[in-house]
Each structure stands twice: as C-alpha cells, then as structure tokens.
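I would like the entire structure built from these sequences, with the hints used as guidance.
Here's the letter readout for the chains.
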Amino acid sequence: MSDIDVAYVAKLARLALTPAEIERFGAQLGALLEHVAATAQVIAQSNVTREDLAVPSLDRETVLAQAPSREGPYFRVPRIIGEEA
Amino acid sequence: MADRSAAEVARAVNARETSAVETLEAAYARIAERDGAIGAYLALTQDLARARAERVDAAVREGKRLPLAGVPLAVKDNMCLEGTPTTCASKILDGWIAPYTATAVQRLIDAGAVPLGKTNLDEFAMGSSCENSALGKTANPWDRSRVPGGSSGGSVAAVAAGEATLALGSDTGGSIREPAAFCGVVGFKPTYGRVSRYGLIAFASSLDQIGPIAQTVEDAALAYDLMAGKDPLDATTVDREVEPAAAGLRDDLRGVRVGIVKEFGLDKLEPDVRACYEQAYDDLRKLGAEFVEVGLPTADYGVATYYLIAPAECSSNLARFDGMRYGLRVEGPDVGATYEATRAAGFGDEVKRRILIGTYALSSGYYDAYYVRAQKARTLIAADFAKAFEACDVIACPAAASPAFAFNAKADPVSMYLMDYYTIPMSLAGLPSLSVPCGYVTPAGSDKPLPLGLELSAPLFAERALLGIAHAYERGTGHARAKQIPTLADAVSAR
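These protein sequence lines are chains D and C, in that order. Going left to right, the first sequence walks through residues 1 to 85 as this note's numbering numbers them. Going left to right, the second sequence walks through residues 1 to 495 as this note's numbering numbers them.
Calculated from the structure, these hints are not laboratory results. There may be inaccurate statements among the hints.
[Said to hold, decoys possible] Keeping only pairs whose Cα atoms sit at most 25 Å apart, straight-line, the calculated DMTMM-like set for lysine to aspartate or glutamate is:
# : chain 1 : residue 1 : chain 2 : residue 2
1 : C       : Lys376    : D       : Asp5
2 : C       : Lys230    : D       : Asp52
3 : C       : Lys230    : D       : Glu51
[As the list claims (entries may be wrong)] Sample of chain D residues facing chain C (criterion: CB under 8 Å; computed from the structure):
# : residue
4 : Val6
5 : Ala7
6 : Gln45
7 : Ser46
Note that this is a predicted model, so its numbers are computed, not measured. Built from N, CA and C at the ideal position, the CB exists for glycine as well.
Put into structure tokens, the structure is as follows:
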C-alpha cells in the first residue's frame, strides 16, 4: 500500500511537488492508508518453509481411477488450444 | 442412563471389560435403530471400522493401552478417510473416494478410535442448518421437525442421538459451536492453526479449523490433545507446544474472570432464552467466577466482514472443482462450456451464491473496496478481543440467539447468516471457542425441550484454560448429560 505513485497522484490533483515532497508525502500517505492493517493471517505466521525432500506421493493408479475420463496413464480433458493456434 | 463417554469406553476397552468389536457392533445396532429417523450419516464405513476395531482389540490383548481404545467416531464428510467416499454433501464430489486420510482423523484412529462413517453437512460446510446438503436430510434428535444446526449437523446429531461417542466437525464461522448448541452436545473450535487441516476440503482457508464434538468437555479435551500440534503436511499449523488440556480440567472457577460483552446484551433474546442464559451466568458466579463487563464495539460488523472474507476465499478454493481430474464432469462443446456445465450441475444454490459474492468481491476494482476493507475490519475485531482479554480470562455469551429452528424457517439467506452472530467474531479473531450445554427451553405449543449452548471463548492458544473452565461449568451444572432426549423413542417408533 505504501507504493503509492505520488507523482502520478499529484499530477491528477494538479499539484506541483518537489522530489523531496514526493518522498515525504509518499511515506506519510502510506502510513495514513495503513492506519488499519489488513489481517490475512490471524496468528501472524508467515513464510513457513520446510526441507525440500523427495517423499512418496499418492499412487498414480489410485488417483487416475477417480478421473472422469482417462487414457492410459493420463487424464483425458477437452482441447484447450484452438486448431488455428 | 447416559451413554458412555469416550473416556469411559476407552477405559473399559483397555481394561478388557468389553472389546472394541463389541462396542462397534453396539454402535452400528444403535445406528440401524435410529438413523432412519435422524439421518446423521451419509455413508457407513463398516469394513474399515471392523478392521480397525479388531486391530485395537489385538493391541489391547498385547498389553497396549490406547487413549481412545474402541471409541466409535463419526467424521464430517468434508474430511478425507482413505478408501471411503468423501462428498462434502455435494453432487460435484458424489462418488469420489478419498485416496488418503486427513491428519486429524488419522491421529484419532492411531489413538484407537474406530471410524463408523461419514456425517452430513451443509454443502461444502456453507450453512447453519444442514439444509444445504445436496445428499441427505438430518433432523434434530430433540425434535425432528427442527434442524440440527450446521454446518456440522450430522456429526452433532450423531453424538446427541448416541449414534457415535465422539465426532469431528469443522468450524469456519460457527459450524461446530452453533449445531452443538442446537443438539445439546459439547462442540469445540481450537485456535486457528492448532489442528492440521491436511485432508480437510478447504472452504475459507484463513478461518477453517477442525475440532471435536463430544458428550463431555473431558472427551473434547482428550480428542483435542491427540489432534493438536504441528503437521508437516499443513504449513498453517503452528509449531508451538501444546499444553495438554485433559490434565488441566478443574472443578471450580475461583479466581477466574469471566467477561460479559456489553454489546451482546441478553435483552435482545426471547424471555425464556434470556432466563436460561441469566441462570448460566449465575451458575458461573456460584462456582466462584468474578464477572467483568467488556466491550466489543466492532463485533456488530462481524457478520458483514465474514460474509466477504469467507465467500472470497471459497470462490478461490472451489475453483479446483472443474470436472477435469476427479468428481463430476458434464461435457460441453469446448473446455469452457464443460467447466460451466459441470459447476452448474454440481453446486447447489448456497455454494453458487457464495462463489458469486466472492468472485465479485475479488474482481478488479472491487478488491480494495470489499476484501481488503473486510480484512481491515477483521484487524479491528481481533484488537477488540485482545483488549477485552486484558480484563478477563474467558468471554461468556450465547452460542446462538435461539434454540434450533424449524426446517425452512430461514429461507432468506441473510436471516440464516445472522444465526452465526455470536460465533463469527471469535472465528475472525482466530480464538479458541466452544459451546457447552447450559439448559433447555420448550417452545410454546411444543412438548419437546430444546437445548441451548453457552459459548465460552479464550485468548489465542489458551485452550487448556478454556476447557478447564468449561469443565468446571459442566460439572457444576450437570446440563451436559443430565437429560436424555425424551423424544428419541418416538423417533424410532415413527420410522
């Protein structure tokens, strides 16, 4: 939210601002607009990572057995790229 | 005589006074007798249950003791159980067989629980009455002309009717607590991130949480202790030590500060309902609790906030149901038409309504106006709770404004959404919150008493204190197990 394009907004508002003013107002406007921060994660967890380890995944046949339509080891789906493409 | 609790079943099976197989057979006999009238289950998992019960008995014979040895378990049908149908009560998943088991379910099975079957819910857990199920109708065991609540309606009805000893539900905006109140059982939603959601089919990811439904607070604590904790398969679970709640159960409330929310004044309620909650507050006082008034000035915005955030997240989560890799596919002339025909045929009205609201709220030009504003309102609601908990240990309020209502009584979506008025604010703040039976009212013109639930809510991660306080209230009042459902005999004979 703090990445407001102050120069652009100033132009819309017909306000000539110096580079110093753009920097100062930019920081202040960001703080004003963020007065209430949005909550996306209520217990404030972020960037949870784990080791990148190879582990067995679901059995292919079990998964494919649920497919509405299949062809051998593949899901059969409608064409998504037109003939002319 | 009351049905045995999970703790009592496990004790008896571990002591070899009974076996898991005998317990299982008794549970299925009860289901055969009653579920035609109640409709708690969408599917029974007899083969799996029998195999698990035999394994539990073998382990006990070898001298092992299991905390849930032989406990008959009902699982809400939005949680995966390998090799069994998992439908979310939706036509789009009808016939789908789960290829793996949800972590929460697995942890209870590993502790000796025996999964009896999958229970009904509002489609994709969207609803407060179970009426939005596309696959079955569940009645309230206390009065079959009334709804069991929702969305975890099948799980609460199963426990209330003695068709399961313990059940799992999921709670996004009240889907464990409101139905638990309507059916007179204990329903507990832990802190967001406490219990793994791996294998829970997602509805609103910033809110969804799995929790236990039980006859007693002790059973809820026992199940919670087994399920809680970090799961490498769910990155949203918290890596934080779980203080065992079953060891923190208490019998009095001396030194406990109970917060009563100024904005949740009981004067809005019907006189008999109000009298019941006034009695509940008096009972808390008699057990030694001190009362403080706290303010939640933003709680009134909870429902509006929730009904932007939850549909927005559901519109994104349910995009995966496109008919390509699993579930229903309705073929159209091209891929776009196939998506549209599949989703038109597969989703019910409430799900479509929420997908539309959510898609609108997330669309370009409206995202900041709706979704981001709702997230900001959420910040303020959570801040109100944090301030309130400076003055109290637990907040007490009704779990719902009324007892269970009649089928078709809430045809207008907004009147249905308002059923979650007392549960949604806690969900938005991520708090642990539960409903414990607190008395009964008998509506005019009826001879059937209906249970009410007291909602108790605590700060983030204060599950142990919360369950301890609820246990003292339950012990002190005896509402939870004092009353067997007087009308169940009619339910069975009317089949």
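- Query: Out of the numbered hints, which ones does the structure contradict?
  - Reply: 4, 5 and 7
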